[in-house]
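**Student:** At position 416 of the sequence shown (counting the first as 1) the number is 524 in the numbering used here, and the numbers step up by one without a gap.
Think of the hints as simulated: they come from the structure by calculation, not from any bench.
Just to be clear, a hint being listed does not mean it is correct.
[Said to hold, decoys possible] In silico DSSO-like links for lysine-lysine, alpha-carbon gap of 27 Å or less:
id: 1; residue 1: K367; residue 2: K527
id: 2; residue 1: K374; residue 2: K408
id: 3; residue 1: K234; residue 2: K430
id: 4; residue 1: K532; residue 2: K430
id: 5; residue 1: K430; residue 2: K174
[Unchecked claim] Label-pair ranges, simulated between beta-carbon atoms:
id: 6; residue 1: A237; residue 2: N149; range: 49 to 59 Å
id: 7; residue 1: A429; residue 2: D264; range: 30 to 40 Å
id: 8; residue 1: S406; residue 2: R143; range: 15 to 25 Å
id: 9; residue 1: K242; residue 2: D138; range: 19 to 29 Å
id: 10; residue 1: E403; residue 2: R143; range: 23 to 33 Å
Source: prediction; values computed, not measured.
Think of the CB as a built atom: it goes at the ideal place given N, C-alpha and C, for glycine as much as any other residue.
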Amino acid sequence: MDIFRCGGLSAVEAYAVQAFGASRSIKNPDAPFLRFLGPLNIEFLVALSTKAHKEVLQSQCYSFVKPAFWTRLVGEIAGLGLLFAEGEEHKKQRRLLASPFQFSNIKNLLPIFNAKGSELTSMFAKQIAEDSQKLIKESAPMSNIALDIVGLAAVDYHLNSLSSGSVFSESYAKVFEQSPTGQAITAINKFIPSDGFEKAKNRELFTLMIEKKSFGLDPWTEDEILNHLLNFMSAGHETTAISVALALHTLGSYPHMQKRLRDEIKAHITYYTSPEISGKGSAMSQVDIGTANNEIGSMKFLDNFVKESLRVHSHVPCQAAKDLWIESVQILKGTTVIIMPQLAAYNKTIWGPTADEGAKSSCVSGVYITGPRICIDKSFATLEFKALLIEMVRNFEFETTAPLRFQKGITMRPVGGIKLRVRKVEG
109 MDIFRCGGLS AVEAYAVQAF GASRSIKNPD APFLRFLGPL NIEFLVALST
159 KAHKEVLQSQ CYSFVKPAFW TRLVGEIAGL GLLFAEGEEH KKQRRLLASP
209 FQFSNIKNLL PIFNAKGSEL TSMFAKQIAE DSQKLIKESA PMSNIALDIV
259 GLAAVDYHLN SLSSGSVFSE SYAKVFEQSP TGQAITAINK FIPSDGFEKA
309 KNRELFTLMI EKKSFGLDPW TEDEILNHLL NFMSAGHETT AISVALALHT
359 LGSYPHMQKR LRDEIKAHIT YYTSPEISGK GSAMSQVDIG TANNEIGSMK
409 FLDNFVKESL RVHSHVPCQA AKDLWIESVQ ILKGTTVIIM PQLAAYNKTI
459 WGPTADEGAK SSCVSGVYIT GPRICIDKSF ATLEFKALLI EMVRNFEFET
509 TAPLRFQKGI TMRPVGGIKL RVRKVEG
């Protein structure tokens, strides 16, 4: 089991990025785990082999829980809903949430994704019309448009973060793109006792959940609904925003992949007119929505690229809830294990010598984790990602101007955002 050391005040994501870099150079990619030490010699394990991934995500998934410090830091922002539920409570909440997140419901949100994507491209078109050499910083607009989408889809509310900004979007930006002082406070925060704090009461309601689950034998409380809503608002917008921005950076770095994707979009997509959105209303008929979803579903390269882009830039920590063994490795209770789907994408024993190339034709599972804890928002996030990417790539060419450096914070936001040179696609 390979081992290396890293230090400094930073969240587990920063360690994972370093672990990822080290793992690509190890001699045995099929070793069960990569071991590394953080500050105070705290041990972390990164799952490497496919068997180790299967044990952590499927066979023994309920033997792992979210790390206590992760729950403390992220739970204050994202709420303590399904994201942090464990064991029987997780199974119960997942059953209750299954219906609203079925694809039959998610596909009807495509007009919102499409219209907001057009709003974003209009803003970019205006900026480059004023200055054709201007470098556009992708992170902030992506975060704002993703927040607007979640606001409409989740609570039927226009946040207008992209067009006019809002205190709400600015607050999220301060949380996810922290200053050095903010990073230090975040790191220290996990060591501050919380027993003396009272949980705030909040009357906000998630409409669809209210309609489905306010009554019956096992109804949700208002606090439970609020926690689920916070999960969707924070995790649902921030992860998509970063993922789309990173995908555009990748396309800007590999022009041949960008051209291939644009050619596929031109060959398959016909729903170029985006309707105005009023609440959840839409000018698209159910037939139009069905046709548009079928067109997106027929795009194989887009599907592969989205999966690979998400896998290369993702990871999640969990903590052993008891002593256990995986692949002849003893994992003691309290040990943090990191799942990084991108390791499978770079495993040359699976993909051969071309493992470093993206958009593989047969993607292994893992983008949204797998097993009983697979992301319940998978269909929503995937369709949103694809719709935004289609709008951006069919309208613009992207050129990468600088390499990525990731900040040490709650999420893997690139330091200073992602800056790209953007040109309008003619014709």
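**Student:** It remains to establish, for every hint, whether it holds in the given structure.
**Tutor:** Hints, verified against the model:
1. Using a Cα cut-off of 27 Å, the hinted pair K367 and K527 holds, with the two alpha carbons roughly 20 Å apart.
2. Restraint check for K374 and K408: the C-alpha separation of about 13 Å stays at or below 27 Å, so the hint holds.
3. A distance of roughly 56 Å separates the Cα atoms of K234 and K430; the hinted pair therefore is violated under the 27 Å criterion.
4. A threshold of 27 Å between alpha carbons decides the hint, and for K532 with K430 the separation of about 55 Å lies outside it, so the pair is violated.
5. Distance restraint check for K430 and K174: the Cα-Cα separation of roughly 13 Å lies within the 27 Å cut-off, and the hinted pair is therefore satisfied.
6. A hinted range of 49 to 59 Å holds for the C-beta pair A237 and N149, which are about 55 Å apart.
7. In this structure the hint that A429 and D264 lie 30 to 40 Å apart at CB holds, the actual value being about 38 Å.
8. The beta-carbon spacing between S406 and R143, approximately 44 Å, falls outside the hinted interval of 15 to 25 Å.
9. Checked against the hint of 19 to 29 Å, the C-beta distance between K242 and D138 comes to roughly 47 Å, which is inconsistent with it.
10. Taken as a hint, the range 23 to 33 Å is violated for the pair E403 and R143, whose Cβ atoms sit roughly 46 Å apart.
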